[in-house]
Amino acid sequence: MNDFYKKFFIGAVCPLGLECNGRNMNYYDNKTLMNNLLEYFIPDNIEKQINLGCSRKVAICLGEGTNYSILKKLNEKYNFFEKILKVSHPRYIMQYKRQSINDYVQQYVNACQLAETIVSK
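Going by the numbering used here, the first residue of the sequence shown is number 1, and it counts up by one from there.
The set of hints was computed from the structure by calculation and includes no laboratory data.
It should be emphasised that the depicted structure is a prediction, and the values quoted were computed from it without experimental measurement.
Where is the CB? At the ideal position from N, CA and C, for every residue including glycine.
Hints may contain errors.
[To be verified] Derived DSS-like pairs: lysine-lysine, alpha-carbon spacing no greater than 27 Å straight-line:
no., residue 1, residue 2
1, K31, K48
2, K72, K31
3, K86, K6
4, K77, K48
5, K121, K83
6, K57, K6
7, K73, K57
8, K7, K48
9, K31, K86
10, K72, K97
11, K57, K77
12, K72, K48
13, K86, K121
14, K86, K97
15, K7, K72
16, K83, K6
17, K57, K7
18, K121, K77
19, K83, K7
20, K48, K86
21, K121, K57
22, K86, K72
23, K7, K121
24, K73, K31
25, K83, K73
26, K86, K57
27, K72, K6
28, K83, K48
[As the list claims (entries may be wrong)] Distance windows between CB atoms, simulated:
no., residue 1, residue 2, range
29, T117, E19, 38 to 48 Å
30, P43, Q99, 34 to 44 Å
31, L18, E64, 16 to 26 Å
32, N21, K57, 34 to 44 Å
33, Q99, N35, 32 to 42 Å
34, S55, Q107, 18 to 28 Å
35, G17, D44, 12 to 22 Å
36, G22, Y108, 23 to 33 Å
37, Q99, I50, 28 to 38 Å
38, N51, S100, 29 to 39 Å
39, G22, G53, 36 to 46 Å
40, K121, L18, 31 to 41 Å
Please work from the sequences and hints to get the whole structure.
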């Protein structure tokens, strides 16, 4: 496991834990909140995470839907990364696709291997 963390940094588009009416929520579930966070907090947070020593060559996004779309748009505006790879979100896999978990593990392995190749160029 230590070898993995020597090569990969786990970050978040929005590292805040959010809830509404006692239930967890995503930063993009409330449009007003999302727009306020996208104004300054999220771009600044991503930049701070990168400045911890991460490569700007590639990022792997957990989630292929809204989270990926938002990260892609942010990246087009701020040029955080040269390339963004996407993989299915772990919660989605465990909740809806558990019977195919080996396929998703392979998806993650492939994305990590591709990211290593991109960074080493």
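Cross-check of the supplied hints:
A distance of roughly 24 Å separates the Cα atoms of K31 and K48; the hinted pair therefore holds under the 27 Å criterion. A distance of roughly 18 Å separates the Cα atoms of K72 and K31; the hinted pair therefore holds under the 27 Å criterion. The suggested pairing of K86 with K6 holds, with an alpha-carbon distance near 21 Å, which does not exceed 27 Å. For a cut-off of 27 Å, the pair hint linking K77 to K48 stands: about 16 Å separates their Cα positions.
Taken as a hint, the K121 and K83 pair is honoured in the structure, with Cα atoms around 13 Å apart against an allowance of 27 Å. With a C-alpha separation of about 16 Å, the suggested pairing of K57 with K6 holds against the 27 Å cut-off. Distance check on the hinted pair: K73 and K57 sit about 17 Å apart at the alpha-carbon level, within 27 Å; holds. Straight-line distance between C-alpha atoms of K7 and K48 comes to about 18 Å, which keeps the hinted pair within the 27 Å bound.
Between the alpha carbons of K31 and K86 the distance comes to roughly 23 Å, so the proposed pair stays at or under 27 Å and holds. As the CA atoms of K72 and K97 are separated by approximately 25 Å, the hinted pair is consistent with the 27 Å bound. At roughly 16 Å between alpha-carbon atoms, K57 and K77 fall within 27 Å of each other, so this suggested pair holds. Simply put, K72 and K48 have alpha-carbon atoms about 18 Å apart, close enough for the 27 Å limit, and the pair holds.
Distance restraint check for K86 and K121: the Cα-Cα separation of roughly 20 Å lies within the 27 Å cut-off, and the hinted pair is therefore satisfied. Taking the CA atoms of K86 and K97, the gap is near 17 Å; set against the 27 Å cutoff, the hint holds. With a C-alpha separation of about 22 Å, the suggested pairing of K7 with K72 holds against the 27 Å cut-off. A threshold of 27 Å between alpha carbons decides the hint, and for K83 with K6 the separation of about 20 Å falls inside it, so the pair holds.
Taking the CA atoms of K57 and K7, the gap is near 13 Å; set against the 27 Å cutoff, the hint holds. Proposed proximity of K121 and K77 is supported: the alpha carbons are some 24 Å apart, at most 27 Å. A threshold of 27 Å between alpha carbons decides the hint, and for K83 with K7 the separation of about 17 Å falls inside it, so the pair holds. Taking the CA atoms of K48 and K86, the gap is near 21 Å; set against the 27 Å cutoff, the hint holds.
Restraint check: the Cα-Cα separation between K121 and K57 comes to about 9 Å, which is no more than 27 Å; the hinted pair holds. About 10 Å separates the Cα atoms of K86 and K72, which keeps this hinted pair within 27 Å; it holds. The suggested pairing of K7 with K121 holds, with an alpha-carbon distance near 14 Å, which does not exceed 27 Å. Distance hint between K73 and K31 is fulfilled; the C-alpha atoms sit about 16 Å from each other, no more than 27 Å.
Simply put, K83 and K73 have alpha-carbon atoms about 12 Å apart, close enough for the 27 Å limit, and the pair holds. A C-alpha spacing of about 14 Å is found between K86 and K57, which places the hinted pair at or below 27 Å, so the restraint holds. For the suggested pair K72 and K6, the alpha carbons sit about 25 Å apart, so the restraint of at most 27 Å is met. For the proposed pair K83 and K48, the alpha carbon gap of about 18 Å is at most 27 Å, so the pair holds.
Taken as a hint, the range 38 to 48 Å holds for the pair T117 and E19, whose Cβ atoms sit roughly 39 Å apart. Hint check: P43 to Q99, Cβ distance near 38 Å, so the stated range 34 to 44 Å holds. Between L18 and E64 the beta carbon distance is about 21 Å. The supplied range of 16 to 26 Å therefore holds. Hint check: N21 to K57, Cβ distance near 41 Å, so the stated range 34 to 44 Å holds.
For Q99 and N35, the hinted distance range of 32 to 42 Å is satisfied, since their beta carbons lie about 38 Å from each other. Between S55 and Q107 the Cβ separation comes to about 21 Å, which falls inside the hinted range of 18 to 28 Å. Evaluation of the 12 to 22 Å hint for G17 and D44 yields a pass: the beta carbon distance comes to about 18 Å. As the Cβ distance of G22 to Y108 is approximately 32 Å, the hint placing it in 23 to 33 Å holds.
At about 36 Å, the beta-carbon gap between Q99 and I50 stays in the expected band of 28 to 38 Å. Under the hint 29 to 39 Å, the C-beta atoms of N51 and S100, about 37 Å apart, fit the expected range. Range check, G22 to G53: Cβ separation about 38 Å, and the 36 to 46 Å hint holds. One distance hint, 31 to 41 Å for the beta-carbon pair K121 and L18, holds here, with the actual separation near 37 Å.
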